[in-house]
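Protein chains: 2
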Amino acid sequence: MESFFSFLERRVDDCSSLLCVGLDPHVSQLPKPIPASALDFCLHIVKETAPYAAAFKPNAAFFEFFGPEGWAVLKQVIEAIQEESDKLGSMIPVILDAKRGDIASTAEAYAKSAFEQLGAHAITLNPYLGRDSIEPFIGNAKKGVFLLCKTSNPGAQDLQDLKVTEGSIPLYEHVAKLAQTWNTNKNIGLVVGATQPEALTRVRAAASNLWFLSPGVGAQGGDLAVALAAGLRQDGSGMLINVSRGISGAENPGLAAAELRDQISESKDTILREGR
Amino acid sequence: MESFFSFLERRVDDCSSLLCVGLDPHVSQLPKPIPASALDFCLHIVKETAPYAAAFKPNAAFFEFFGPEGWAVLKQVIEAIQEESDKLGSMIPVILDAKRGDIASTAEAYAKSAFEQLGAHAITLNPYLGRDSIEPFIGNAKKGVFLLCKTSNPGAQDLQDLKVTEGSIPLYEHVAKLAQTWNTNKNIGLVVGATQPEALTRVRAAASNLWFLSPGVGAQGGDLAVALAAGLRQDGSGMLINVSRGISGAENPGLAAAELRDQISESKDTILREGR
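Protein chains in written order, with this note's numbering: chain A, 1 to 276; chain B, 1 to 276.
The set of hints was computed from the structure by calculation and includes no laboratory data.
Please note: incorrect hints may appear among the correct ones.
Computed cross-link-like contacts, DSS-like style, restricted to lysine-lysine with a CA-CA straight-line distance of at most 27 Å [unchecked claim]: (1) A/32 to B/75; (2) A/75 to B/75; (3) B/32 to B/47.
Isolated chain A, as found in the complex:
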């Protein structure tokens, strides 16, 4: 059985890309504030960018916004990604950005919703409720999770930067260490914002092999080359750079995605050649 990160790494190899394409059908970006527009918006991006996408990351909030119909659109978008994958002959992982976090049977229901109902391959989770809130998602090694570690927003400092007395390290670094100990099925990664180079460096030191999902390049001000230098693994991989608005807002999303893929590759090559 192939684990989630083996699956992701195969796709990364197939498309020579560390680009994750965010699917955020925010109502302000749609010609009409209706579910059909959200569907068209996402299908257009998927079709145009699939050859360059190591993964797609639909954000549940923008679908939930439309109620039951939005939820149906989310399922259709995930199905469309599978269809594009079939055409390319290379399966593209879908990371559901849902940031869920709950306990016991509630966590199980969320896991079934994401992995079985919707057919996502991975999900983002909030670690605040601890290990038992993660377990229902990681039992099946084929499915992956990315735990929020250090997020890209200003409020990240309110809790995540607090120093904990155990080890005198920031809370986010403690989360990275916990993630390593919980990672017995090799299907846990971390969300570390591309706006946070110091955190990327610290978390990479604490978790040398874990995959990072890093949003924040572009609209949020993260510098691509700086983020990659801080967060890439020794092997020049292990980091998905997520871009949403920088692609969906471009006149030609396919071209924007191709250029981003190439920029990531060039930065990576420079880092591997010249050091960080």
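Using the hints, position chain B against chain A.
Only chain B this time, still in chain A's reference frame:
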């Protein structure tokens, strides 16, 4: 304009109850694993227990589990609570237990989904992403939030119990202090598990006036009298005791809710009379 907690306190007075009735249509409790059964399950509980409910708390996960149709059921359940409220002549608040936590326009989309699309009056939120992740939910004082502080599950210890160097207090207590400073619109409460009497005592000391939402009595092993003694405000209010399975699994949910309401009142009266 009436704030969320004024609204809740009016309802608490109207029904002389601090009982929050959880609506968790877990598939194992339904005669058939279909959305229509989830709807019937919830409507039956709502109808039977409304006279004794200070609030209803549907958990989003169990509806999400059923996909788009589940989402439609959730909306119908919230509408049914409004209809029962009208019959009683006393509006019953709906707290959407969604434990969301995201940033910027994503948080705004979740807030619109909960408050406008679904018509909930309050929502549970995860504080890990900090203040800017909470702001889109608290701008309107009529709507309330309950921030996860100390949850009722074993994994609560993994992060929430960590001591932070600032003040040398547990992280959950720091969250309670932050919640107080963020509470300029008087619409923030805290989730503190009824299984955690020490945490209830500490958080009550740190946040003397905030409302608590306390799950964990019954199936999870929390002792009602102990939890109330630790968590009630000086005025004998300020704490919603959530019960889900203890009501939905009872042969007569209305009777179970009435008994729970009375048990809470008796414990409260004893505490006010004899001290803690």
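Evaluated hints:
1. Straight-line distance between C-alpha atoms of residue 32 of chain A and residue 75 of chain B comes to about 23 Å, which keeps the hinted pair within the 27 Å bound.
2. In summary, the hint linking residue 75 of chain A to residue 75 of chain B is supported, as the alpha carbons are separated by about 19 Å, within the 27 Å threshold.
3. With a CA separation close to 20 Å, the supplied pair residue 32 of chain B and residue 47 of chain B stays within the 27 Å bound.
Violated hints for the displayed structure: none, as all numbered hints are satisfied.
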